[in-house]
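Chain Z: place on chain B using the hints.
Protein chains: 2
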Amino acid sequence: MAEPVNGWEARGKPPTLFKRFEFARYAETRAFLDALAELAEQVGTHPQNINFGSTYANITLEAGNGESLTETEYALARRIDGLIVSGG
Amino acid sequence: MAEPVNGWEARGKPPTLFKRFEFARYAETRAFLDALAELAEQVGTHPQNINFGSTYANITLEAGNGESLTETEYALARRIDGLIVSGG
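Top line first, the protein sequences correspond to chains B and Z.
Using the working numbering, the first residue of the first sequence is number 1173, and each one after it goes up by one.
Using the working numbering, the first residue of the second sequence is number 1173, and each one after it goes up by one.
With the rest of the complex left out, here is chain B (with noise of 0.2 Å):
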């Protein structure tokens, strides 16, 4: 069974999970945006869902395999968060 992921949050049928980001600027939500297209663009997949504004991002991603979350839609997780470390 996959861990859970700091901050994202298991939701729905077929499951998604979800997190939540904050910006204090435009530029700030701008650039995790740029960097999160390119992360999709190397790992092949691109979140189900992002909706954002001028200081904030949601992001959905959803069950790979339609049924249940595992460690890859997790893995993808931790890699998003990685973004906001290592991005500033």
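Warning: the hint list may mix true and false statements.
Where chains are identical, the list cannot tell them apart; a pair therefore holds if satisfied intra-copy or between any two copies.
As the list claims (entries may be wrong) - Here are the simulated SDA-like pairs of lysine to any residue, each with C-alpha atoms no more than 20 Å apart in a straight line: (1) 1185 / 1222; (2) 1185 / 1225; (3) 1185 / 1204; (4) 1191 / 1177; (5) 1185 / 1209; (6) 1185 / 1203; (7) 1185 / 1251; (8) 1191 / 1203; (9) 1185 / 1243; (10) 1185 / 1206; (11) 1191 / 1217.
Hints listed in this document are in silico derivations from the structure and should not be mistaken for laboratory results.
Relative to chain B, chain Z alone:
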């Protein structure tokens, strides 16, 4: 009074202007979002909310004066439409 714009829907209170754009592939969605971000920087106004997945982007523009939609929002809506036309 501001004129309506093709496919944009006035909503809510405070008023917003909403439109859904659909794309054949993620690459097209991404190109649209990148062009939209550049446009937002040019005009100095970011849409209130952008909600996107691999093949769609839902755009919400808010009334800049907080009270009613004006030509400012409709002009921005038309420029966003133009991103599709010019960006292919």
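My question is about residue 1185 and residue 1206: at a cut-off of 20 Å on alpha-carbon distance, are they close within one copy, between copies, both, or neither? Neither: 29 Å inside a chain and 31 Å across chains, both beyond 20 Å.
Between the shortest in-copy and the shortest cross-copy C-alpha distance, which are at most 20 Å for residue 1185 and residue 1243: within, between, both, or neither? Close inside one copy (17 Å), not across copies (42 Å); limit 20 Å.
With identical chains, the pair residue 1191 and residue 1177 could be close in the same copy or across copies; at 20 Å between alpha carbons, which is it: within, between, both, or neither? Classified as within; 10 Å inside a copy, 34 Å across copies.
Given identical chains, is residue 1185 near residue 1222, meaning Cα to Cα at most 20 Å, within a copy, between copies, both, or neither? Within one copy, since 18 Å is at most 20 Å while 24 Å is not.
When Cα atoms must be at most 20 Å apart, do residue 1185 and residue 1225 count as within-copy, between-copy, both, or neither? Close across copies (18 Å), not inside one copy (26 Å); limit 20 Å.
Should residue 1185 paired with residue 1203 be assigned to within, between, both, or neither, using CA atoms and 20 Å as the limit? neither (31 Å within a copy, 31 Å between copies)
What label fits residue 1185 with residue 1209 when the C-alpha limit is 20 Å: within, between, both, or neither? neither (25 Å within a copy, 33 Å between copies)
Using 20 Å as the alpha carbon limit, work out where residue 1185 and residue 1251 are close: within a copy, between copies, both or neither. This pair counts as neither: shortest intra-copy Cα distance 24 Å, inter-copy 38 Å.
Is it within a copy, between copies, both, or neither that the alpha carbon of residue 1185 lies no farther than 20 Å from that of residue 1204? Neither. Shortest intra-copy (28 Å) and inter-copy (30 Å) distances fail the 20 Å Cα cut-off.
Up to 20 Å CA-CA - residue 1217 versus residue 1191, copy category: So residue 1191 and residue 1217 pass the 20 Å test inside one copy only (17 Å; across, 25 Å).
For residue 1191 and residue 1203, with the copy left unspecified, which applies at a CA distance of at most 20 Å: within, between, both, or neither? within (17 Å within a copy, 25 Å between copies)
The earlier numbered hints that this structure contradicts are 3, 5, 6, 7 and 10.
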